[in-house]
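Residue numbers (the working numbering), protein chains in the order written: chain C, 2 to 301; chain X, 315 to 560.
Each hint should be verified, as a subset may be incorrect.
[Stated by the list, open to error] Residues of chain C clear of chain X, computed beta-carbon distances all greater than 10 angstroms:
id : residue
1  : E9
2  : D39
3  : G40
4  : L92
5  : S135
6  : G137
7  : V164
8  : D194
9  : Q206
10 : F236
11 : K300
[To be verified] List of simulated lysine-lysine pairs, DSSO-like, C-alpha gap at most 27 angstroms:
id : chain 1 : residue 1 : chain 2 : residue 2
12 : C       : K139      : X       : K536
13 : C       : K300      : C       : K207
14 : C       : K207      : X       : K332
15 : C       : K237      : X       : K332
16 : C       : K7        : C       : K218
17 : C       : K139      : X       : K399
18 : X       : K323      : X       : K429
19 : X       : K429      : X       : K374
20 : X       : K399      : C       : K237
Rather than coming from a laboratory, the hints here were simulated on the basis of the structure.
Using N, Cα and C, we set each Cβ at its ideal position, and we do this for glycine too.
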Amino acid sequence: MITLDKIEKTFNKGTVTALKDISFSVEKAELFGLIGPDGAGKTTLFRILTTLLLADEGTATVNDFDVVKDYKKIRSCVGYMPGKFSLYQDLTIEENLNFFATVFGTTIKANYDLIKDIYQQIEPFKDRRAGQLSGGMKQKLGLCCALIHKPVVLFLDEPTTGVDVVSRREFWEMLKKLKGQGITILVSTPYMDEANLCDRIALLQKGQVLSIDTPAKIIQSYPDKLFAITSSDIFKSLQDTRTYPGIASVFTFGDTLHATFTGSSEKGILAFLHDKGHPDASLETITPGIEDCFIHLLKN
Amino acid sequence: MPPVITTEKLSKQFGPFKAVNELTFQVEKGEIFGFLGANGAGKTTAMRMLCGLLAPSSGKASVAGFDVYTQPNQIKRKIGYMSQKFSLYGDLTVSENIRFYSGIYGMSRQQIRQKTPELLEELQLQQEAKTLVADLPLGWKQKLAFSVSIAHDPDIVFLDEPTSGVDPVTRRQFWELIYHAAEKGVTVFVTTHYMDEAEYCNRVSIMVDGVIAALDTPAHLKQQHGGESMEDVFYALARNATRKGD
């Protein structure tokens, strides 16, 4: 449904590289995640695929249309929710939705089925101006407006950034339903825990792809044996663990430390930490998460 | 030692809407205090009152020993503030930003001259002193912004989603800076949407619909709410929020 072949993009007369040699494809009805921090190139990629920006090199297609030659056809068959709220603040919820339906030559009624579940949550406020809406409601309205012309591909640029845990979970439930209706979704997020909710993901950093695969396979390819160290004083034990001769890497993860060791030197870490004043320290082998994999790939 | 922040039934009403409804809590010196909440729960309003930027409707609050009603300007001199949205000036260099902010926070020229190299060294930014902040990677900007916000040795620093959008390694380095500041006695008041970061706080409060729904250490909160992680605790508390705001 989406293909990218060796896409390159620079800004400021070539001095800033936004995207470097990006190639991947997204299948029909796939939920594909672009995972990476700010500055990874996520938004630039969206802008190229939605025909709002020209790549310097490489080719890309959406729904078999070329992003340069067939840009008009792409614009009518995709939905795009930019990271920055970009609906009309002075129009009400209903007026915004009507506006986007009209622009695409359709009506709210014609495609109501697709947006029904989401729209019903904001319908009680349909006469309220978009500018007065709360963050969660804006997000839902943005999604409705991106869906109202029944797009075959949906581009969502950081829809959950700055949104609380509860609304984030609700949002991903909505995406799962849309995918079930055959819509292809490309979604970006800086939250690594959301990667597991995608069929496949691309991990991006500074314009480059670190890895592309299913979350399970990316986790399988983690090369080291990973351990969790638990102790009552996280930061003190972090500093002490760093001075352990056999340590390869150590990072805080919530109330634990995730560590890898050289050889089998994990065997001595507990005695070492006990000596350093952490009598309650404990160690267990754990399965890495996507964030462990991302950190590992960043280091190389 | 008296608490750095004390509030008693602190409230803010906008027309009929009770944005913040009778908050009562204390934050101790050197504590890392996580201030979490659902979107629209009233976090921003509460923070603005504590920074002396918004007068409360009722209740009491003192910050760094000063009253939020009558001494907001004294409060501003005793606090630091940093957020993802408002941090540094991109078209000033690293050392110009340090000089500018230190001046704003009331440091003398001599103090600034003394502090600047210390700060650059701590951040290992000596080579970048004359680089425009716009040309720094986001992670460095955020670390610099944090250091600038505590350069004047405030009693308390308010951090509003300081790690939003930052890569996982830099996010952790940022928390080490927070931890070092707290060790030196700076009180840290921080908001975040990353639930793993809630674990790094000494105590965490979770606001739902204008009130504090829970306040305790992360370990106790997990015990009380039967969750394995702070995300579970947050979800259990905020799931039934009636406000879905920002």
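Has the given pair, C/K237 with X/K332, been kept, meaning a C-alpha gap of at most 27 angstroms?
violated (41 angstroms)
Does C/E9 sit more than 10 angstroms from chain X, CB to CB?
Nearest chain X Cβ is 20 angstroms from C/E9, so the label holds.
Does the no-contact call for C/D194 survive, Cβ to all of chain X over 10 angstroms?
violated (8 angstroms)
So is C/V164 really clear of chain X, every C-beta pair being over 10 angstroms apart?
The claim is violated: C/V164 sits with its nearest Cβ about 6 angstroms from chain X, within 10 angstroms.
Is C/K207 close enough to X/K332, meaning Cα to Cα at most 27 angstroms?
Given that 27 angstroms is the threshold and the Cα spacing comes to 44 angstroms, the pair is violated.
Check the non-interface label on C/Q206: least C-beta distance to chain X beyond 10 angstroms or not.
violated (7 angstroms)
Holds or violated: is the Cβ of C/G137 farther than 10 angstroms from all Cβ atoms of chain X?
Since the minimum Cβ distance to chain X is about 4 angstroms, C/G137 lies within 10 angstroms and the statement is violated.
Take a quick look at whether X/K323 and X/K429 sit within 27 angstroms of each other, Cα to Cα.
Violated - the C-alpha atoms of X/K429 and X/K323 are around 39 angstroms apart, more than 27 angstroms.
Given the proposed pairing of C/K139 with X/K536, does the C-alpha separation stay at or below 27 angstroms?
violated (32 angstroms)
Would you say C/K300 is clear of chain X, with no C-beta pair closer than or equal to 10 angstroms?
Violated, because the least Cβ-Cβ distance between C/K300 and chain X comes to about 8 angstroms, which does not exceed 10 angstroms.
Is C/G40 truly not at the interface, in the sense that its beta carbon sits beyond 10 angstroms from all beta carbons of chain X?
violated (5 angstroms)
In terms of Cβ atoms, is chain X entirely out of 10 angstroms range of C/L92?
holds (19 angstroms)
Violated hints for the displayed structure, listed by number in ascending order: 2, 3, 5, 6, 7, 8, 9, 10, 11, 12, 14, 15, 18, 19, 20.
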